[in-house]
Every structure is written in structure tokens, then in C-alpha cells.
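For the sequence shown, the UniProt record's numbering gives the first residue as 1, with consecutive numbering after it.
Worth double-checking, as some hints may not be accurate.
[Stated by the list, open to error] Using 30 Å as the maximum straight-line C-alpha spacing, the simulated BS3-like pairs for lysine-lysine come out as follows:
hint, residue 1, residue 2
1, K19, K47
2, K155, K118
3, K78, K46
4, K46, K19
5, K88, K147
6, K88, K46
7, K47, K78
8, K93, K19
9, K88, K78
10, K19, K78
11, K97, K118
12, K97, K155
13, K88, K19
14, K47, K9
15, K118, K147
16, K46, K9
17, K9, K19
18, K97, K47
19, K12, K46
20, K93, K118
21, K97, K78
22, K19, K147
23, K118, K88
24, K47, K88
25, K147, K78
26, K9, K88
27, K93, K9
28, K12, K78
29, K93, K78
30, K9, K118
31, K97, K19
Hints in this document: simulated from the structure, not taken from any laboratory.
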Amino acid sequence: DMTEVVHIKDRKEAIHELKYSPDGTYLAVGCNDNSVDIYGVAQRYKKIGECVGSLSFITHLDWSSDSRHLQTNDGHGKRHFYRMPGGKEVTSKEEIKGVHWASWTCVSGIEVNGIWPKYSDINDINSVDGNYIGQVLVTADDFGIVKLFRYPCYKK
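Put together the whole structure using the sequences plus the hints.
Structural data, given as C-alpha cells:
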């Protein structure tokens, strides 16, 4: 049965990225208006938080394994961290240092600095996926190339 169960229209801009938290409690929705909305699954997708702080549209997002943090990338290549479920921005490097990410799709961050070729533009790499078990990272770019790297990939 393909009946629509929930219909949410909280934004006027395009939505580019969305992911459920690893524990299935939350849905994060990244939008072109520079924000991420957090919805409670058990609350019939009621909006319970909002992540603001980006100066550009949201391009990628990843949940921490414990569903307590969210990392995002934006169109300017900036990386932001937020505490869940409220969406308060985290600026303390100490708080983020020990976080284990359930997925890695972000193109910006110290852990993936080595994926960027010399003289590349922030928009050249479109997609990233990390495999923690194999400690590898795969990228796809504007030139039709798929590359495999060791993860983490701090620098070339």
C-alpha cells in the first residue's frame, strides 16, 4: 500500500538531504534555506528542533552513532555540528572530538581533507560514502570519476 501517511510542508525552499537517526527516533531534513529541521518519528513527525548557523544551503548531513549529534556541510563548504534533538550548534571541539559517526557522507572535514585534488573547487566532489569496517571512503566528482581512499583521509 503506497498511501501517504504524513505530509510535511515547513519550508518554501528545496530540500536536498534527509536522514533518519541511527536509533530511528528522529528525521533530519536539510533545506536550501540554510537550515535543518528535526522531526520526532514517534510524535508523528512533529518538528522538535531546528539547526541554524549555516550561511548557505545544506548539502550533506550525518548522524552520530548514538543519535545525539548531527554534522552538516553547506554550499560554502563549511562543516557544522549540532546537539540533538533541539539543534543547538556545538562550537566546542572537545565535545565533538570523541563522536563516532554512524555514516560519513560529508565532503568537508579534517577526516576527508585528503580527498580534494590540488586546485579543486568546493563543488567538484559531489558525493562521499564511508565504510568504517573496511576503513575506506569512496568519492564521486564532476568529472565522472569514482575514487577510493583510506578512511580517515587527512591529507594527500
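Against the structure, test the hints numbered earlier, and report the numbers of the ones violated in rising order.
-> Of the numbered hints given earlier, those the structure breaks are 5, 23, 27, 30, listed in rising order.
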